[in-house]
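J.: These are the residues of each chain, in order.
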Amino acid sequence: MNWSAVAAIYRFEMARFFRTLAQSFLSPVLSTSLYFVVFGTAIGSRIQEIEGVSYGAFIVPGLIMLSVVMLSISNASFGIYFPKFLGTIYELLSAPVNFIEIVIGYVGAAATKALFVGVVILITATFFVDLRIEHPFAMVWFLVLTCLSFSLLGFIIGIWASNFEQMSLVPQLVVTPLIFLGGTFYSISMLPPVWQTITLFNPVVYLISGFRWSFYGLADVPIGFSLLAILVFTGICLGIIGWIFKTGWRIRS
Amino acid sequence: MTPILSIRDLRKSYADGFEALKGVSLDIEEGEILALLGPNGAGKTTLISTVCGITTPTSGSVTVGGHDIQTDFRAARRMIGLVPQEIALEPFEKVWNTVRFSRGLFGYGADNSRIEEILRKLSLWNKRKNAIKELSGGMKRRVLIAKALAHEPRVLFLDEPTAGVDVELRKDMWEIVAELKQAGVTIILTTHYIEEAEAIADRVGVIDKGELLLVQDKNTLMAQMGKKQIEVMLTEPIQSIPKALAEHNLTLNGNGDVLIYTYDIHADRTGITTLLNDVAQAGLVLRDVQTRQSSLEEIFVNLVSGAPA
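Residue numbers (our numbering), protein chains in the order written: chain A, 631 to 883; chain B, 5 to 313.
Isolated chain A, as found in the complex:
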């Protein structure tokens, strides 16, 4: 393993993050605060507690997931797309690095940034609601796995995209609806039975349900299913990335 290359890529990507620290740090704090003000306070006051958890506290895991998933995708897709766009990818392709090292560098940095923002949102939330975390170990694992798996997805999108429009296509048209319909702001038990069944085909449901379970012990689907779902998703992403580097698809002619 060329760990020096992994460190170089990781450091390079993190430098970009720190160059735009205000955007990286303040933007999630602000948007989360807005969610709490609008959903938690204005609307939440009219919604009853869900299985003993106040509405404001109930949406915290979903809000963290929402930001973390979107940021993982955008960080990782931008990280690998930008060298393609600038032409600097020549250096990566001609360096003594293999695909595992490139993925660890880029995906590791993207996941770190998303994780950082996730923690910032979690801390921000404590100013608005009473949080309790029943399974902290599981919470951390869910958070880390989510950051990693969606950074892998972002990496794939960044390799696939041939322009900036395509970069935002999947996050905006596919991922955002899945997250909003995945139980971020509600428990799927609130839905009519038919929609409950349909919702089960949304993979994000398993993610948010599992993450919420780690906070309050409440889950829409069994926790084992949630864990399995995220592991399968990570496996699929890794498989696709392995294929991309084997065939050189969209990167090596």
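If you are wondering where the hints come from, they were derived from the structure by calculation, not from laboratory data. Hints are supplied without guarantee of correctness; some may be wrong.
Far from chain A, by Cβ distances over 10 Å, these chain B residues were calculated [stated by the list, open to error]: (1) D31; (2) N44; (3) I84; (4) G108; (5) L139; (6) G168; (7) D261; (8) G287.
Listed below are the simulated DSS-like cross-link pairs for lysine-lysine, each with C-alpha atoms no more than 30 Å apart in a straight line [claimed, not checked]: (9) K185/B / K222/B; (10) K714/A / K137/B; (11) K125/B / K98/B; (12) K232/B / K222/B; (13) K98/B / K175/B; (14) K175/B / K232/B; (15) K137/B / K125/B; (16) K247/B / K231/B; (17) K714/A / K876/A; (18) K714/A / K213/B; (19) K98/B / K133/B; (20) K213/B / K133/B; (21) K213/B / K232/B; (22) K213/B / K231/B; (23) K714/A / K247/B; (24) K247/B / K222/B; (25) K876/A / K247/B; (26) K26/B / K714/A; (27) K144/B / K714/A; (28) K133/B / K144/B; (29) K26/B / K213/B; (30) K131/B / K714/A; (31) K98/B / K714/A; (32) K213/B / K247/B; (33) K247/B / K232/B; (34) K98/B / K185/B; (35) K213/B / K876/A.
Have a look at the derived ranges for each label pair, beta carbon to beta carbon [as the list claims (entries may be wrong)]: (36) Y18/B / V749/A: 46 to 52 Å; (37) G717/A / E121/B: 53 to 59 Å; (38) K714/A / D206/B: 33 to 39 Å; (39) Q186/B / M631/A: 32 to 38 Å; (40) G717/A / T75/B: 23 to 29 Å.
For clarity, every value in this text was computed on a predicted model and none was experimentally measured. In this text, a Cβ means the ideal position worked out from N, Cα and C, and glycines have one as well.
With chain A fixed as given, assemble chain B onto it according to the hints.
T.: The following block gives chain B in isolation, referenced to the frame of chain A:
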């Protein structure tokens, strides 16, 4: 002596059937400067990209310092530095950081004294804290070279290093290349400036339509393929070439005051003495005589167009 770079029957075909390289074989000795000449689309960049790992070859083999570029790619690539044709740099990155990044990518720790040495050599030391977007085009090219040298490669590829740069910077580049050669670095550069190859290369390769037409020592090439001309300048212009000089195959310039005689410098008899005697016999008075050797450019144009040089 074992060549530092050995290319054997290298082929590259694209999905649309286009053959960019049609079986190129080439050996490059350590420490030499090889200039690859060829028109646009000849396959120069494809050849470099394939050796450097950016393009996957369809068939054939390449070894660098005895390491195969596919089966032993790490060792092979560590020996190679690449300066691409286009200026491709992260605009917000600082000069120092981008060179350190390149060094790290090739598996070396941040050696500050080494990075400093490279930046000083390329007159970038004062710009080390600048973001790349603040640099001029010439400075950006230097940064590309610094990045390529960051891991101390034994073989350096310069893909059109002076395309679109001004005369002063071109001379600077040539000096940099000469210094690198002194340091023992093997250099392969592509160019379509013949004067560049003529000025700095030890050997010249001519590539066209994916085929290597020839590779030869620059001086030998010019001597072997070069023709020489004598221009005989007359004091008084003439209307036509006198019959007495017909056997010399002369041409007369537009003004009628210069006779041009083309000869092969390697021929047993160049015919110069006879020519000058005959010119005097014909009653023509000479104002001046000068000789001119055909340049690499003419040799190149003749090779690529298929005409005899």
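J.: Compare the structure with the hints numbered earlier in the document and write down the numbers of the violated ones, lowest to highest.
T.: 3, 4, 20, 23, 24, 25, 32 and 37
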